[in-house]
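Participant: Put together the whole structure using the sequences plus the hints.
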Amino acid sequence: MLTTIIAIATLAIIFGLVLGFAAIRFKVEGDPIVDKIDSVLPQTQCGQCTFPGCRPYAEAIAKGEADINQCPPGGEAVINELADLLGVDPKPLNEEHGEHTDKTVVYIDEDICIGCTLCIQACPVDAIVGAAKLMHTVIEDECTGCDLCIPVCPVDCIYIKPVTETISTWKWPLPGSSLNAEKESS
Amino acid sequence: MMSMRLWKIFGGLKLPGFKSMSMSQATQPAPLPKTLTLPLKQHIGIDAEPVVKVGDTVLKGQMIATSGNYVSAPVHAPSSGKVTAIKKHRIPHPSGIETDCIIIETDGEERWVECKEHSNYRQLDAKTLRDIIREAGIVGLGGAGFPSFIKLDAGSSNMIDTLILNGAECEPYITCDAMLMQEQSRKVIDGLNIMRHALQAKHCIIAVEDNKRAAHTMLVNALHDHEAEYIDVIQVPTLYPAGGEKQLIKTLTGKEVPSNGLPINIGVVCHNVATAAATATAVLEGKPLISRYVTITGEGVDHPCNLDVLFGTPFSELINLCGRNSHAEQFIMGGPMMGFEISNDDVPVIKTSNCILVKSENPTPDYIMPCIRCGQCAEVCPAQLLPQQLYWYSRAKNFDKTQDYNLFDCIECGCCSYVCPSHIPLVQYFRFAKTEIWTQEQEKEKSDIARQRHEFRQFRMERKKAENEERKRQKRELLKKVNKEKDNSEDAKKAAIEAAMARVKARREAQHTAQENTDNLTDEQKHLIAEIDSRRKKAKDKS
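These protein sequence lines are chains W and V, in that order. Going by my numbering, the first residue of the first sequence is number 248, and it counts up by one from there. Going by my numbering, the first residue of the second sequence is number 39, and it counts up by one from there.
Heads up, some of the hints might be wrong.
In silico BS3-like cross-links for lysine-lysine, where the CA-CA straight-line distance does not exceed 25 Å [unchecked claim]:
1. W:Lys408 to W:Lys350
2. V:Lys484 to V:Lys472
3. W:Lys350 to V:Lys126
4. V:Lys125 to W:Lys418
Hints were generated in silico from the structure; no laboratory data involved. Fair warning: this is a prediction, and the values are worked out from it, not measured in the lab.
Facilitator: Following this line, the structure appears as structure tokens:
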């Protein structure tokens with residue numbers, strides 16, 4: 248009887264120590280699901296989801312405070328991926344947050360720009376260069392198309408333009424969506 | 039010449055050749071067009087940048103665009119003339135997208151730029167040779183257009199066993215390589231020697247399909263005795279796609295190029311015969327790549343033939359030259375299997391334009407039926423893939439799965455589409471999936487950059503905030519210190535004032551005592567003083 252109690256107690260102490268050690272040694276910093284969700288989001292940082300950026304939105308999804316259909320730039324593709332990741336049913340994009348459009352960038356009409364730096368402060372990815380009372384310009388490659396710079400411009404010199412397709416970004420269409428496809432099989 | 043064992047490739051098709059129609063006459067140079075349109079991107083890699091301005095006069099062979107990037111190739115003026123514009127123009131590409139082109143109006147004088155010959159190339163090291171080949175703008179002329187100098191770098195550890203010149207030209211209709219091997223066999227072998235020197239390859243093979251007897255004979259005859267010791271001219275069975283790089287390597291060496299690997303990983307390098315000829319021209323004559331053999335064929339032209347065409351010549355002029363007829367409705371660059379349709383013949387010949395196939399439109403396109411899982415596609419696939427699995431997953435946009443089924447080992451030869459009884463355009467699906475995956479990867483990269491930039495911005499703002507806080511705190515402290523010092527100094531002042539006042543008081547008191555010093559006075563004087571004092575007192579009391 249006593250031996251049993253001692254044996255069980257010893258084992259309990261050993262396992263307790265091992266688990267306790269493991270909990271400290273292999274502690275996962277932060278919530279790994281947030282990183283996963285964040286990596287799915289398009290990183291436009293536009294705030295259309297009502298959160299101040301993609302990561303806060305990812306955190307809100309992880310906590311269950313936000314739905315997965317609040318990201319217009321990501322559109323259906325992101326919703327499906329999130330549904331896949333979180334094991335929930337995909338749902339259509341919530342229209343309240345905006346519509347999914349093709350990727351755009353902005354450009355500054357440099358004749359009108361007065362160099363107020365307001366857009367520079369608004370840009371979430373530092374894609375606008377310039378200085379006070381000097382002309383500003385957008386680094387198109389870095390622009391995410393969040394359009395946050397447009398409302399702050401006092402002279403309305405920022406315009407949206409679609410990303411032009413080049414030879415290197417061109418994609419073959421899905422067969423059936425164009426005549427080419429049918430010809431191929433002939 | 040030793041006899042070599044050949045290996046069989048998996049799958050493949052016996053296709054009708056349609057080759058003799060364009061081989062009936064010797065290759066002629068195409069007439070000089072009035073305007074030449076030269077796309078800045080005629081190769082795989084980064085676009086070249088123009089180094090000439092509108093209005094500049096250029097000489098034949100002068101470099102007009104180049105790039106500092108490694109994977110890139112310069113572009114040269116194919117003839118002398120004037121640069122009239124640098125603008126967007128349609129190029130031969132399945133998208134029909136317009137890209138930047140340099141437009142040259144030719145003056146017909148054909149004045150050459152100064153050419154630097156390197157007939158002593160054996161004294162040059164591999165790096166110098168590669169630079170010459172790079173500067174000459176040479177890219178793979180078989181169709182892919184990969185800058186050739188990169189494939190002439192044996193690397194540090196890779197030993198090159200076999201250098202293969204690909205003259206198989208397995209696709210129907212195309213005969214430009216066959217004609218080149220017949221007419222310029224010596225140049226092809228010279229080019230091979232230069233490539234061999236650059237790679238220090240042990241053994242060289244020129245592979246020719248066994249339906250090109252003339253080319254084979256001409257090459258064998260052109261070999262010098264000592265060259266025959268290390269160069270084999272080998273006939274490979276006519277089977278589509280025997281000329282695919284991986285398939286040819288398998289046929290000749292029995293080795294398979296690993297998935298996601300390169301031929302160089304197994305000690306083999308493969309170049310096209312036309313690339314070799316261009317290399318010989320570049321090194322021995324110092325002339326850059328400005329023209330190529332192009333097959334103009336198909337039922338849409340009356341006189342199919344091969345022409346030696348300057349880059350930038352419009353397709354339409356070549357088709358007219360070969361007798362455009364009423365069947366000319368559909369234009370394909372490349373062959374019927376791997377080529378792509380271009381909607382309009384107002385496009386220039388570029389470095390990768392091996393063939394212009396002019397056909398009539400198929401009036402009744404085959405109706406696409408559901409897959410019946412017959413498995414014929416898997417039987418003919420030379421890459422030993424499962425086209426129907428890839429088809430399902432590509433159609434469902436399940437791109438992870440397509441990669442599990444090795445989508446990227448697909449060489450897009452089109453055998454599966456050709457045999458499919460349901461006329462499913464399988465290759466189209468695979469091309470679609472490939473470009474989708476590339477786009478997704480690019481977008482992922484872009485979003486990663488955006489995330490980094492956003493995080494850095496936040497970090498920067500927080501740092502700025504912290505710095506501001508710190509500055510404010512320091513200022514506050516400084517203020518406090520100054521105030522304290524101020525307080526201290528006021529005390530000192532007060533003390534000094536008090537001390538001064540005390541000193542004054544002391545002096546006064548001393549004076550007063552001095553006044554009271556009346557001991558030595560006479561009585562009269564004492565009386566007088568008492569009188570004055572009493573008067574003073576009275577006056578004081580009064581006031």
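Participant: The structure should be examined with respect to each hint, and the outcome stated for every one.
Facilitator: Verification of the supplied hints:
Between the alpha carbons of Lys408 of chain W and Lys350 of chain W the distance comes to roughly 9 Å, so the proposed pair stays at or under 25 Å and holds. At most 25 Å may separate the alpha-carbon atoms for a hinted pair to count; Lys484 of chain V and Lys472 of chain V meet this at roughly 18 Å. A C-alpha spacing of about 22 Å is found between Lys350 of chain W and Lys126 of chain V, which places the hinted pair at or below 25 Å, so the restraint holds. Restraint check: the Cα-Cα separation between Lys125 of chain V and Lys418 of chain W comes to about 23 Å, which is no more than 25 Å; the hinted pair holds.
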